[in-house]
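Chemist: Residue numbers (numbering that gives the first Met the number 0), protein chains in the order written: chain A, 0 to 63; chain B, 0 to 63; chain C, 0 to 63; chain D, 0 to 63; chain E, 0 to 63; chain F, 0 to 63.
By construction, these hints were calculated from the structure, which means they are not laboratory data. Certain hints may be false.
Note that identical chains are pooled: a pair holds if it fits in a single copy or bridges any two copies.
Stated by the list, open to error - Taking lysine-lysine and the DSSO-like style, the derived pairs with C-alpha atoms no more than 30 Å apart in a straight line are:
(1) K18 <-> K36
(2) K18 <-> K38
(3) K36 <-> K56
(4) K38 <-> K56
Number of protein chains: 6
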Amino acid sequence: MPLVHIHLGRGRATYEQKKELIARVTDTFVDVLGSDKDKVWVVLHEVPRSEWGIGGKPIAEPDR
Amino acid sequence: MPLVHIHLGRGRATYEQKKELIARVTDTFVDVLGSDKDKVWVVLHEVPRSEWGIGGKPIAEPDR
Amino acid sequence: MPLVHIHLGRGRATYEQKKELIARVTDTFVDVLGSDKDKVWVVLHEVPRSEWGIGGKPIAEPDR
Amino acid sequence: MPLVHIHLGRGRATYEQKKELIARVTDTFVDVLGSDKDKVWVVLHEVPRSEWGIGGKPIAEPDR
Amino acid sequence: MPLVHIHLGRGRATYEQKKELIARVTDTFVDVLGSDKDKVWVVLHEVPRSEWGIGGKPIAEPDR
Amino acid sequence: MPLVHIHLGRGRATYEQKKELIARVTDTFVDVLGSDKDKVWVVLHEVPRSEWGIGGKPIAEPDR
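Only chain A is shown next, with the shape it has when bound in the complex:
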């Protein structure tokens, strides 16, 4: 603990960006709460933007 689930639009982040997100989110818990770094878990979930609704509508058409 702590445990972080991140939901992102699919294809919005490269692997380098995902690594940076994981590193920085983890460091945030170490800095702010003094968490044991090895006990910070960060799980990314990519969601197709056609499956993500804001204001009653998907934010993008499906990929073809």
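Chain A is already provided as a structure; the job is to place chains B, C, D, E and F on it using the hints.
Modeler: For chains B, C, D, E and F alone, coordinates are given in the frame of chain A:
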């Protein structure tokens, strides 16, 4: 807010049906709670039916 | 299936409203996808508004 | 109810192992809590190991 | 990893039962997948039964 | 989007620390992905440490 995560069997809904689910679920919050429509998020997650267990067994065999 | 997790600001809905949310969200799946009504699960999670950040800030101060 | 979401590294379990996980987790609720077996839902989510961070780093490189 | 989120009706399990659920679910991953025991996380979430809808209705009235 | 769910041990963070977590996690998405700050949602969930199992055991006894 509100935030809604929907888990569905993969392939159970067409894109038109997903759009309708998002629209109607969003309207439900606007109607019942007076939510600001642009602050209603609905995220769909498709789950293979072979990875969904009810009563101790997957509800379908894996696709081939 | 389907399975729906709803996250709401704590205290934003009365029990009557929650019942109506559950009923209408369930009916949406029955209408749009032909889901078996008894296989629609809707789980509500109330989240204190001081624990919900939008734009980098909690949307309300903690209750006292 | 109960409802169980399991997150696993993608490709870490065969279908036979997933069936066994679902069966045994379900039985655990029946045994320990006396749950109605048909009301135990277990949903598996496979997560690529490159999207799972422990200690600030993904636990594996992306598949190619 | 693996990571397990369990949602239970509030008050349905004693602390002794929760400990047994955690122990047995963890052992299941060790036995079936050969998971490293210290890398199995199990998080319990108690949900009031009045906030859990099956078939369009909460499964219990709110506690008073 | 993006959407972040954070699970923390109950009582592990003060409100000031929670505000800092929300601010810094949000900024991480703005910096790394160029996300629109107002479209970053961060939801905190406090979990009693007696309901969080690592290695087959809760990480703390229940509060009394």
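Chemist: Checked against the structure, which of the hints given earlier come out wrong?
Modeler: Of the numbered hints given earlier, the structure breaks none, since each of them holds.
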